[in-house]
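Chemist: Could you put together the complete structure from these sequences and hints?
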Amino acid sequence: MSELSTQLATALPLDAGPGPEWVKTLRDSGAAHFRTHGLPTRKDEAWKYTGLGLLDQAEMQLATVTETRVSGSLNPSPLVEANVHVNMLNGLKTGQNGTMPTGLTVLSLADALSTGISGLQTLLESLPMDNSSDGFTALNTATLESGVVIHVAAGTDAGRLLINWTSEATPAPLLSNTRLCVFLEQDAKLELLEQFESSNGNTNTCNIVLQANLATNSSLQHIRFQQESKQAVLITRTEVSQQADSEYAYYGFDLGGGLVRHDLHTALRGSGARSCLSGAYLLDGNRHVDNHARVDHMAPNGFSDQYFRGVAGGAGKAVFNTAVCVHPGADETEARQSNANILLSTRAEVDTKPELEIYADEVIASHGATVGQLDELAVFYLRSRGLSESQARQLLTTAFCRSVSDKLADPVLAEVISQRMMDVMPQAD
Amino acid sequence: MSGETSTIDSLIEQKYQHGFVTDIESDTLPPGLSEDVIRAISARKKEPEWLLEWRLKAYTHWLGMQQPDWAHLNIDAIDFQAVSYFSAPKSDKDRPQSLDDVDPKLLETYDKLGVPLHERARLAGVAVDAVFDSVSVGTTFKAELKKAGVIFCSFSEAVQDHPELVQKYLGSVVPQRDNFFAALNSAVFTDGSFVFIPKGVRCPMELSTYFRINAAETGQFERTLIIAEEGSHVSYLEGCTAPMRDENQLHAAVVELVAFDDANIKYSTVQNWYPGDENGLGGIYNFVTKRGDCRGARSRISWTQVETGSAITWKYPSCILRGDESVGEFYSVALTNNYQQADTGTKMIHIGRNTRSKIISKGISAGHGQNAYRGLVRMTPRAENARNYTQCDSMLIGKKCGAHTFPYIEVRNPSAKVEHEATTSRIGEDQLFYCLQRGISEEDAVSMIVDGFCKQVFKELPMEFAVEAKALLEVSLEGAVG
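Top to bottom, those sequences are chains A and B. Numbering (this note's numbering) for the first sequence: 1 to 429. Numbering (this note's numbering) for the second sequence: 1001 to 1482.
Hints were generated in silico from the structure; no laboratory data involved. Please note that a few of the clues may not be correct.
[To be verified] Derived DSS-like pairs: lysine-lysine, alpha-carbon spacing no greater than 25 Å straight-line:
1. B/Lys1347 <-> A/Lys43
2. B/Lys1455 <-> B/Lys1358
3. B/Lys1168 <-> B/Lys1045
4. B/Lys1199 <-> B/Lys1147
5. B/Lys1470 <-> B/Lys1358
6. B/Lys1347 <-> B/Lys1399
7. B/Lys1417 <-> B/Lys1358
8. B/Lys1455 <-> A/Lys48
9. B/Lys1199 <-> A/Lys48
[Claimed, not checked] Cβ-to-Cβ under 7 Å is the rule here; a few derived chain B residues that face chain A:
10. Gly1402
11. His1404
12. Phe1406
13. Pro1414
14. Ser1447
All of these numbers come straight from a predicted model, not from anything done at the bench. Glycine residues also receive a C-beta, built at the ideal position from the N, C-alpha and C atoms.
Modeler: What follows is the structure, encoded as structure tokens:
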């Protein structure tokens, strides 16, 4: 185990903390897993292209729920308005405002654990921790306490809920562990907007696990926009379980962060479930963004579409791994994957791996991945119309990424995000 | 040394303990792997000291290595001490000088396998270097090749007759410690082919080697080395078939290709080792390291493979595109039926400027077969304007098989272009229905559709091979539909 892993393993509390017995058992299992395997290394296939160098540099401390809470909000202004705003600081819930629609419940995880919410135990216990590549999940489970539970009652359209994440620079870098649990009952609807922003100088690490349970015919729109500081580390894992005819749509935008890793996994357990995952990642400087997306088709008539676009400039490194697994019996599945990347600099790097695992024969599955440059003819065309070379390139690169933001149902949000992307669009050398 | 010699002698003198299937007498080392066995192989083949040292070094590396487990394969543990590492026909001393001198029983075995060697050689003008188990037993058309300056002989002969060439190039593309199976092969390889095409020569005929595994409980560890000097051109065909056995046999080969400026090497394989029976019993474990080094500018290496046999296939013919404007190609059809498993693909490492590579992979899964494409395309920072196009398509026949794709794409040059596309499909009921209502039987219809699916690869094969490959697919798919 690395020095940092040992340091973190030592910092893990010896007693299993408050809450019911099953929670203590769960924390113990996480701690045991972490003490055995530690943090993942590049020897783990899933972490082949991503090292934890940025994390290792620091004298990391584990955040605890007893941290002094800051009065007032340090959170940046929201990208768009939402029915409910939940503010998070250094992984802890600091406030909540807005008008709660009937049928929507938002609780802190600690409260939910003590009061007991139906299905919470099953959901928390269902998170797989299989091997050494799951070190961050183990750490998150071992310190399970801070987080938010969102519940949408059957038939309710809860509208937009914004979780506004920020970090404040601390004397010693902090590693915070947070868990989000989302329950959508039958026919329920929710738009979950996660906004991650932090100011320069923030060197903290957020380790967030989001688990969502989508009941029959429910629909979750999940938008994740992150523009963290260039030194920040953001490790996130999203686990979605979908029942029949449910729909999960994910839109991810990575504009910042020193080291960003997102494991996005959805399991289509019920017949007719649909999953559309899309994202854009923009890299410059020495930033490193690693997206791992996986869709498991476990029931017939499922549909999944993965659409990701990346631009890498400077000495940025973009890693993209997308996988579709069609299990036996998941007949009439249709699965598509598309990943295109533009490489702008001689020091930048793109590593992509679109995987297919097919165990059923009544399937339509395809994938495509490209790495290349802007079309020089298109650049020439725009220049002939009076645009400068850099304007032409920026316009084309933005258009390339806009194909993701244009998928958003809300044109206002799409425009805001497009503008933000344009502002930080990496330039060619 | 005297102690070692007596060990070698006792090993050599030891009678072969396991019965043969054909009546041909063989000289086989007892199962097991140790330094002594390696010394015995080397002594048996009268190898120079440097080669023995080379083997022993590889063996030392191998001892420190772990068998890889990253492939999408479910393999029973292999007992490397249960394999015999050397088996040669007994009539070694008076080895036949031409095919006419070859033991008729050998030729009969070839005939049974459907390879009428001399007829094929005469008809197609192909020179054949036949490998029966581990030792080359017949070489034809040598004189004609000699006239052109081409060296085409068994690896053992090359070690004796052209040691300077072997020493210079052996391990220069696949080093001893490259991987677990390459290290094993480097330690115990018994024979194989050696080809040297001198500067500016276009090889007057297609070269071909048929490898056979005959004796039970023997591993086949051949080593092939092809060197194409500046401006030369060669097409090499390799076919593999094996008689039925109900135990698993090990095959770990290494093929190294070196192409200098403007040289062109085309390497075609039809692999039909015994795949095991319909219950997954027996079959060859095929672990092969094939790599070509495009050292010179504008050089070209093209791999074409049709993989229908073997219980396990673990094989990634690769190209290192070092020379500017060099070209690498990989065309593959891999079929898995019954309980066969294949994890195969290629690596294209672009180092030189303006290098190009093309990958066309067609995987067909039937029965309980598992078929995985695993590939790597790497554009290094120096690979200005490099270009890759990859297409890998899978076809599933039946509900219990699997088709998988694991393409790794690593790009570190902003002027490089990489395109990868893949599809998975099945034989559509409407396609079948259309054929059936035109009076075509179901079996013929399936074979026609599969043939169409593989066409892009078959057209890269020399005609004789394309016909064989097509027939093999038909045979291999028997019973897969219905």
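Chemist: Does B/Pro1414 pass the interface check with chain A, least Cβ-Cβ distance below 7 Å?
Modeler: 4 Å, holds
Chemist: Hint validation: B/Gly1402 versus chain A, beta carbon distance must be below 7 Å. Holds or violated?
Modeler: It holds, given that the least Cβ distance between B/Gly1402 and chain A is near 5 Å, below 7 Å.
Chemist: Straight-line Cα separation of B/Lys1168 and B/Lys1045 no greater than 25 Å?
Modeler: 19 Å, holds
Chemist: Would you mind confirming whether the straight-line C-alpha gap from B/Lys1455 to B/Lys1358 stays at or under 25 Å?
Modeler: 16 Å, holds
Chemist: Should the interface hint for B/Phe1406 be scored as holding, given a Cβ-Cβ cut-off of 7 Å against chain A?
Modeler: At 5 Å from the nearest chain A Cβ, B/Phe1406 passes the 7 Å test, so the hint holds.
Chemist: Between the alpha carbons of B/Lys1199 and B/Lys1147, is the straight-line distance 25 Å or under?
Modeler: 14 Å, holds
Chemist: So, as I understand it, the hint says B/His1404 touches chain A; can you test that by seeing if any CB pair is closer than 7 Å?
Modeler: 5 Å, holds
Chemist: A closest beta-carbon separation below 7 Å is what the hint needs, so does B/Ser1447 meet it against chain A?
Modeler: Constraint on B/Ser1447 not satisfied, violated at 18 Å.
Chemist: For the pair we were handed, B/Lys1347 and B/Lys1399, check the Cα-Cα distance against 25 Å.
Modeler: Violated, at about 30 Å.
Chemist: Would the pair B/Lys1347 and A/Lys43 pass a check requiring their Cα atoms to be no farther apart than 25 Å?
Modeler: OK: B/Lys1347 and A/Lys43 at ~20 Å, within 25 Å.
Chemist: Starting from B/Lys1470, check that the Cα of B/Lys1358 is at most 25 Å away, please.
Modeler: Satisfied, since the Cα-Cα distance of roughly 22 Å is no more than 25 Å.
Chemist: Is the hinted pair B/Lys1455 and A/Lys48 satisfied, with a Cα-Cα distance of at most 25 Å?
Modeler: Not OK: B/Lys1455 and A/Lys48 at ~36 Å, beyond 25 Å, violated.
The structure fails hints 6, 8, 9 and 14 (numbered hints given earlier, in ascending order).
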